[in-house]
Amino acid sequence: MTKITKANTWVIIPGYNEAKYLANVLKKTIKITNNLIYVDDGSSDKSAQIAKHYTADVLRHEINLGKGAALKTGCDYAFSKKNAAAVIFMDSDDQHEPADIHKFYHAFKTHQMIFGERSLNHKMPLIRIIGNRLASVLILTLFGEYIPDIPSGYKGLSKKIYQQIKWSSADYAVELEIAAIVAKNKIPYLTVPIETIYHDLDRGMTFLDTIKMLSKIMSWRLTL
Amino acid sequence: MSIFQLGAILFALLMFYVVNIHRRKLRLSKIELGSWYSVWGLFIVVAIFPDSVKGIAQNLNFARTFDLLVVVALMILTTITITSFFIQRETNNKIEDLVRKIALDKSKNSK
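These protein sequences, in sequence, are chains E and G. Under my numbering, the first residue of the first sequence is numbered 1, with each subsequent residue one higher. Under my numbering, the first residue of the second sequence is numbered 225, with each subsequent residue one higher.
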């Protein structure tokens, strides 16, 4: 297996209509690494044009498919075209601190699957904390493994792990599905502490997304 | 003839009209056309002569012909719904694969 280094690790940032925060996110990220892939998921704003100022590796979906599909596109590109040994997922809404990428580099020395874990403190809305814990407890109940902060999009995985866990979810359920597959197959993982950042206008998952995911998790229990 | 029978006949005639529109737009094959005309034709016959299926209803222990028709209709609707679900899911998967392939191919061409 190829040794995972900073040089062969690529950061994948999927985005949908994130023109407001994207420039800031990419500016901070390229200070850490030039191995940056932006996957525009059918945005109607200028996200893709903004991304091209910061990286040559910009991929674009013609229509919006969802976060899970965008991550798959980024991974396929990184592993097949860029000879990446590992990838790190980051969100494009400036709720991840790019400086935490170093923690993933360090974690890759010993593990191939890394979960970023935020501290569930006052910075996170209470309803999110409840949902966050519920997701972890559900995974523990159904798959026998406690994985903290599953909804966090800050994750790292090697090529080998990607081939093992290639998810089917095209939408936000990807976070839960990755955790479910890791738990079900007892894949060794490491958690790294990451910054908790929440904007006032948190557009992420909705309550309906949560309900959809909860129904999916029951079907994964049977099919994964 | 009751008002329900009249309503059923009018509904079937409306469906004949809908099938005809699709026929004129060349959206149906001969077999599909024949099948749909047969279905709605049979519907009209049963609506006018409900006693024609009384034997079947009694053999299946239905108190009324109407109950038999409702059960048959529900079975057809359930089949169509489940089939549509699987077709829709398959189409979603194909769209996703295609859009991702286009994105990857475009990135290759832009190098």
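Heads up, some of the hints might be wrong.
Using 27 Å as the maximum straight-line C-alpha spacing, the simulated BS3-like pairs for lysine-lysine come out as follows [stated by the list, open to error]:
1) E:K166 x G:K318
2) G:K330 x E:K20
3) G:K325 x E:K216
4) E:K160 x G:K325
5) E:K184 x E:K216
6) G:K332 x E:K6
7) E:K186 x E:K166
8) E:K160 x G:K249
9) G:K254 x E:K52
10) E:K184 x E:K27
11) E:K82 x E:K27
12) G:K249 x E:K82
13) G:K278 x E:K160
14) E:K3 x E:K46
15) E:K52 x G:K325
16) G:K325 x E:K81
17) G:K249 x E:K27
18) E:K166 x G:K332
19) G:K332 x E:K52
20) G:K254 x E:K46
21) E:K160 x G:K330
22) E:K123 x E:K166
23) E:K123 x E:K6
24) G:K330 x E:K166
Just so you know, these hints were derived from the structure itself, not from any lab. A quick note: this is a predicted structure, and the numbers were derived from the prediction, not measured.
Comparing the hints with the structure gives:
no., hint, result
1, E:K166 x G:K318, "holds (17 Å)"
2, G:K330 x E:K20, "holds (25 Å)"
3, G:K325 x E:K216, "holds (26 Å)"
4, E:K160 x G:K325, "holds (21 Å)"
5, E:K184 x E:K216, "holds (15 Å)"
6, G:K332 x E:K6, "holds (24 Å)"
7, E:K186 x E:K166, "holds (15 Å)"
8, E:K160 x G:K249, "violated (52 Å)"
9, G:K254 x E:K52, "violated (54 Å)"
10, E:K184 x E:K27, "violated (37 Å)"
11, E:K82 x E:K27, "holds (21 Å)"
12, G:K249 x E:K82, "violated (50 Å)"
13, G:K278 x E:K160, "violated (65 Å)"
14, E:K3 x E:K46, "violated (37 Å)"
15, E:K52 x G:K325, "holds (20 Å)"
16, G:K325 x E:K81, "holds (13 Å)"
17, G:K249 x E:K27, "violated (55 Å)"
18, E:K166 x G:K332, "holds (22 Å)"
19, G:K332 x E:K52, "holds (15 Å)"
20, G:K254 x E:K46, "violated (50 Å)"
21, E:K160 x G:K330, "holds (26 Å)"
22, E:K123 x E:K166, "violated (32 Å)"
23, E:K123 x E:K6, "violated (30 Å)"
24, G:K330 x E:K166, "holds (22 Å)"
Hints 8, 9, 10, 12, 13, 14, 17, 20, 22 and 23, counting from the list given before, are not met by this structure.
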